[in-house]
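661 is the number that this note's numbering gives to position 105 of the sequence shown; each next residue is one higher, with no gaps.
A portion of the hints provided could be inaccurate.
[Claimed, not checked] Computed spacing ranges between beta-carbons, pair by pair: (1) Arg822 to Ala802: 46 to 54 angstroms; (2) Ala644 to Thr708: 16 to 24 angstroms; (3) Thr619 to Gln744: 37 to 45 angstroms; (4) Pro825 to Glu918: 28 to 36 angstroms.
Derived from the structure by calculation, the hints contain no laboratory data. Beta carbons: idealized from backbone N, C-alpha and C, even for Gly.
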Amino acid sequence: MQGFRRILTTFTLLVTLLSCSGNELLVPSSRDGRLHDAEAYLESSPYAAVLGDCVRTNCKFSTLPLVGMEYDDPSIDNIMNRVVVSHAWMGMRFEQLLNALPSDMLSLFKNVTAIVIDGDVRPSYYTDYSGAIYLDPASLWLTVPEKDTIRTDPDYRSGFSDPLMFKAPWRYLLDNQYAWRGFSLHDQSERQLEDIVFPMAQLLLHELAHANDFFPYDEMANISRDLTPQKASEALVDRRLSSRLANLVSELESTELKSLANVYYRGRPPTEEQANFTAATVGEMFAMDVASDFYPYSSPFEDLAMLFEEVMMKYFFDLDRDIAFVSSEGWFVGWGQRNRVGELEILPRAEWAARAMFPNIEFGDFFMQFPTPRPLPNGRTWGDTLNLDAQQAGQMQKPSLNKTEYPEDLLRPYDIFHGH
Numbered sequence: 557m558q559g560f561r562r563i564l565t566t567f568t569l570l571v572t573l574l575s576c577s578g579n580e581l582l583v584p585s586s587r588d589g590r591l592h593d594a595e596a597y598l599e600s601s602p603y604a605a606v607l608g609d610c611v612r613t614n615c616k617f618s619t620l621p622l623v624g625m626e627y628d629d630p631s632i633d634n635i636m637n638r639v640v641v642s643h644a645w646m647g648m649r650f651e652q653l654l655n656a657l658p659s660d661m662l663s664l665f666k667n668v669t670a671i672v673i674d675g676d677v678r679p680s681y682y683t684d685y686s687g688a689i690y691l692d693p694a695s696l697w698l699t700v701p702e703k704d705t706i707r708t709d710p711d712y713r714s715g716f717s718d719p720l721m722f723k724a725p726w727r728y729l730l731d732n733q734y735a736w737r738g739f740s741l742h743d744q745s746e747r748q749l750e751d752i753v754f755p756m757a758q759l760l761l762h763e764l765a766h767a768n769d770f771f772p773y774d775e776m777a778n779i780s781r782d783l784t785p786q787k788a789s790e791a792l793v794d795r796r797l798s799s800r801l802a803n804l805v806s807e808l809e810s811t812e813l814k815s816l817a818n819v820y821y822r823g824r825p826p827t828e829e830q831a832n833f834t835a836a837t838v839g840e841m842f843a844m845d846v847a848s849d850f851y852p853y854s855s856p857f858e859d860l861a862m863l864f865e866e867v868m869m870k871y872f873f874d875l876d877r878d879i880a881f882v883s884s885e886g887w888f889v890g891w892g893q894r895n896r897v898g899e900l901e902i903l904p905r906a907e908w909a910a911r912a913m914f915p916n917i918e919f920g921d922f923f924m925q926f927p928t929p930r931p932l933p934n935g936r937t938w939g940d941t942l943n944l945d946a947q948q949a950g951q952m953q954k955p956s957l958n959k960t961e962y963p964e965d966l967l968r969p970y971d972i973f974h975g976h
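Go ahead and model the full structure; you've got the sequences and the hints to work with.
Structural data, given as structure tokens:
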């Protein structure tokens, strides 16, 4: 019964999204009245009077243009003029974060109309209805009073994989250890700014990749300000970066994995065959194709965004990334790989995405020296496959956290809502 209710809730959400038109509330968090308190962070912003309404509806670019329609090289101040929040601390933390991130990342904000940070947003997402990104502040808070303003309900997608025999966890690592650790919304723990830089960078690289996909920088000069983001996006359908990636480089081929991803990430009921797939079976199929992660099989938009996110996390922060298929019980690795994006047939796809979104960065020999992917040892638990160097040297690995489940490694704190 719970599974049926979950599917029904998801179906209702999709119907709501696909039936929106005109100036109705188009973004998912607005469907039940949420985002009602989201307003411009800066009263001095030239768009303060319209930001709140435009992130809840579908304003024309003449009312709220893309940042890049005004600035070729946006500054932090320019970006902060587009920030919409439900609580003032969110804007303050976001500005601190921008100052801590690589300055090259600022150019990615040219392709959005606004940045919404609201305690009601879960999961984070991008939508071409408003041209804005919507960020879950669960990755942004530092103090207990700040996290007390954030909703604690789980991501509505969190149980979609329950009927399957496998999970597809991922993680970023630095020196064979987790690059960041999770913090609870339910206790009195606090954190420092450095604790949020990596996870927020990952989130922003992914969401801003969607924005750059739908409104490529080389098309911005041709977009009429008389159009809404939705109409402009429709006109650019063949010029989207995700469309070009498939046409110019390569695209994902496995129809089986695409169908399976709709179960895992979209909540569709599995067939009997899908319900019996083991981690090893799915891993074998996955290894034969050109995706860097399982998530891209849910959408070509996610294919582009994951390639970009992964390769830029390595470029900016030298973080490695693991992807695996593990058993639902015990989380034993059936197939896994570190730095899969470095595979011979995958890296050119990631390089194309990076150069398309960062045309002004001189990458030098970064791609030529990208690390060769390394397999995770099959049969070991996910938590015991962190230090591959120690395993290769025959050394005892540092004990894991004595957990048989690692729910934070399953979270995909982002999505894209697109369609009519």
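Hint check results:
1. Arg822 to Ala802: 46 to 54 angstroms: 20 angstroms Cβ-Cβ, so the 46 to 54 angstroms window is violated.
2. Ala644 to Thr708: 16 to 24 angstroms: At 21 angstroms between Cβs, range holds.
3. Thr619 to Gln744: 37 to 45 angstroms: The hint (37 to 45 angstroms, Cβ to Cβ) holds, given that Thr619 and Gln744 are roughly 43 angstroms apart.
4. Pro825 to Glu918: 28 to 36 angstroms: 49 angstroms, violated
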